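Residue numbers (numbering that gives the first Met the number 0), protein chains in the order written: chain A, 0 to 603; chain B, 0 to 131.
Hints in this document: simulated from the structure, not taken from any laboratory. You may find that some hints are simply not true.
[Said to hold, decoys possible] Facing chain A, according to a computed beta carbon distance under 10 Å, are these residues of chain B, among others:
(1) Asp11
(2) Asp13
(3) Ala21
(4) Ala31
(5) Ser34
(6) Thr85
(7) Asp108
(8) Leu109
[Said to hold, decoys possible] Now the stretches of chain B that chain A is said to cover, found in silico as 3 or more residues with beta-carbon under 8 Å:
(9) 14–20
(10) 94–107
These numbers come from a predicted model, not from an experiment. No residue lacks a Cβ here, since even glycine has one placed at the ideal position from N, Cα and C.
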Amino acid sequence: MAVLPFPASATTVAVPWRLGSIAPVLTTALILAAGVVLRAVGRVAPRRGSTAGRRWLDKGDRPPTITEVLTHTHGDCARIVLQTIALQAQSLTGSELAAAGIDGDATRRFRIWAHVGMPPEQVEQIGRSPRAVGLLALIGRENRTVRVRDVRQHADYRGLPPHHPPITSFLAVPIRFRGDVAGCLCLGNKQAGGEFTVEDQQMAEMLAARATGALDSAPAEEDEANARQWLQTVLGQMPEGVLVVDRHGEVVADNEALRSFMRAKTSGNGRLDPRTIEMSRPSGDRLPSDELPVMRAVTDGELTIGREFVASGPDDRPVPLLVSAAPILTNAGAGDGAVMICQDVSTVRKLQRVREEWTSIVAHELRQPISVVTLRSSLLLRSQLSSEQRDSVEQIARSIHSLGRMVADLMDASLLESDRLRVTLTRLDLGQLLADMVRRTPLASARLRMHAPEDACLFVRGDAQRLEQVLANLLSNAMKYAPPESDVVVDLGVAAGQAHIRVTNVGEPIPQDELPFIFNRFARTRAAGASGVLGLGLGLYIARGLVSAHHGRIWAESNAADGTTFHVTFPLDGPAVPVEPPIDRFRLPAQGGPHDSPTAAGWS
Amino acid sequence: MVPTRVLVADDDADMLAAVSDALSSLGFEVMAVDSGAGLIDCLATDGPFDLLVTDISMPWMDSLKTLRSIRTAGVTTPVIVITALTDAQIPSRVQALGANAILLRKPFDLDELAAAAQRMTAGSLPGADQRR
Chain A
0 MAVLPFPASA TTVAVPWRLG SIAPVLTTAL ILAAGVVLRA VGRVAPRRGS TAGRRWLDKG
60 DRPPTITEVL THTHGDCARI VLQTIALQAQ SLTGSELAAA GIDGDATRRF RIWAHVGMPP
120 EQVEQIGRSP RAVGLLALIG RENRTVRVRD VRQHADYRGL PPHHPPITSF LAVPIRFRGD
180 VAGCLCLGNK QAGGEFTVED QQMAEMLAAR ATGALDSAPA EEDEANARQW LQTVLGQMPE
240 GVLVVDRHGE VVADNEALRS FMRAKTSGNG RLDPRTIEMS RPSGDRLPSD ELPVMRAVTD
300 GELTIGREFV ASGPDDRPVP LLVSAAPILT NAGAGDGAVM ICQDVSTVRK LQRVREEWTS
360 IVAHELRQPI SVVTLRSSLL LRSQLSSEQR DSVEQIARSI HSLGRMVADL MDASLLESDR
420 LRVTLTRLDL GQLLADMVRR TPLASARLRM HAPEDACLFV RGDAQRLEQV LANLLSNAMK
480 YAPPESDVVV DLGVAAGQAH IRVTNVGEPI PQDELPFIFN RFARTRAAGA SGVLGLGLGL
540 YIARGLVSAH HGRIWAESNA ADGTTFHVTF PLDGPAVPVE PPIDRFRLPA QGGPHDSPTA
600 AGWS
Chain B
0 MVPTRVLVAD DDADMLAAVS DALSSLGFEV MAVDSGAGLI DCLATDGPFD LLVTDISMPW
60 MDSLKTLRSI RTAGVTTPVI VITALTDAQI PSRVQALGAN AILLRKPFDL DELAAAAQRM
120 TAGSLPGADQ RR
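Make the full structure from the sequences, and use the hints.
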């Protein structure tokens, strides 16, 4: 399998399922329902050992092998099915790379290996499908799913071919043919550095079962019309709308689901005319026909994952769709058409609105009593209290402050998840913002050391309140996890043309196996859990969302020697503005790292 | 010295009492009502006030609509709008009430309330009639 994500300029990738976590659940239900229906009608049910009603080409009792079936079924039809399933798997699980392969073993390369997520030129550089060795051999040998946080740590991992992008998180499920493993559906690099979940595994296993059902119903006679009919039947049984075009952009196949929510004319051969499909962006702008995701996939090799569009339905009703599209590539990387999958998300939209209303009501109702307790405790602290009473009231005040923070975090996380978090960008002096923030907060303790240019101001476009929230979170974390009496160092500078903030604390490093996941929602390190530090594990998730809303980047480095450093970068709003005379708000020299300045004298 | 008069409106009895007590502790003379209708009634019968502190979400008519009506009638009393709501339009709706209106999001503590009240009453003469 493969895929470096496409270059940003050539890729349209939206975070899958930002409509909310209910979307995959709905899709799961749809897939399950489809499975039930398919089994009920007995069209694609895997009936192991049953050969009744089938005519095998070899005229004997031996059922055909997967190799023979692929020969009869025409490779391009089987590739379309696998490509569609790989694209569904990538979209539903939020992985960067997906591939579905069948008919290979330790000595023979997979006959079909359908990629999603890797640019065509990279597939071409790799140039061939893999053999079933290493982890792929394990899946075949043990006939089971493999799901790992870091594939490189797996005992059976044998590396990747040259030009293959690196893979960390990995999920692979077997695709079976007549009960035996015939191939696998592989997913790599869960987006945002996460790991694949049990739900992802269930989703992948259901999709692999769909592939199994399709292969089991493949035509036994070598006939192109049969193969096309088989393809049409398989696509027809999918709950999502599917459109497949050839390398010239002509429709090869579509399905009823697509026609049920998309208005388009049919040409003389009964197939849809893609040029008549009416699709708009959420803003209402109509997409020209050559801008349809499936057309972009054919012409530019562009990958679209989980992007929102609105189709004009057959009854003129606008239908919100979640659309994914990918080029169909041969094993050697040659373009051979494209596939587009559309999911009607009207129901999801309604549920999303309900959930947002619910979240808002809960937050409102919680804030009301929190406000009362906050005010009452601060009033009490102004009155005459004994030492014990004062301790108790201060404890109440701290706890209610934490509760208020958690409610705010839950609201922010909800806004981020539904893509409704808004920032108002204005031109800001980042050094001044840092200085003001630290002066206003109790964090401005003697432990804080600041480094920043004295002779220039760095301007960015930002939302002051939200940037403060990000930086306050990083400082608060650093204070929490640094040993008592040790310094927390904040550096502001310019790197690679960007404003670059580093927040560093010494002390126990974050374990390397936890580092890629600390920005995930509800992520709590083992150390945080063991230390009893309160929190929901949303702070860094929100920080990443806010930094991203500012077109910036956030990441962390941690090791025993240097401690833990969080890096945040933002695009500069113009060149640094020289200041004459130098600003004396920092006593520290502009040069030097966090630990090399014995003159560090703290915040002035 | 005439104390600075504040009218507080909130339909939550506990919140109304807490805000009223907090403002009293800061030296304000406080009157409290529990509805938008009460706010209008009190302004008409017990005014003038130097400061209004009102929750947004109240039965029958939210306070932003009430305040808009009051502004239209020529009352320019400074106002602190307090809310636990998160609607994205709220800041602009508060801004539309004029420069002497600010938003204070719940939860807030005594210091934040004091700072907001200080900002809104700075320069005003306690008890001065601000109706036009």
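Checked hints:
| no. | hint | result |
| --- | --- | --- |
| 1 | Asp11 | holds (6 Å) |
| 2 | Asp13 | holds (5 Å) |
| 3 | Ala21 | holds (5 Å) |
| 4 | Ala31 | violated (14 Å) |
| 5 | Ser34 | violated (16 Å) |
| 6 | Thr85 | holds (6 Å) |
| 7 | Asp108 | holds (5 Å) |
| 8 | Leu109 | holds (4 Å) |
| 9 | 14–20 | holds (count 4) |
| 10 | 94–107 | holds (count 3) |
The structure does not agree with the numbered hints 4, 5 stated previously, though it agrees with the rest.
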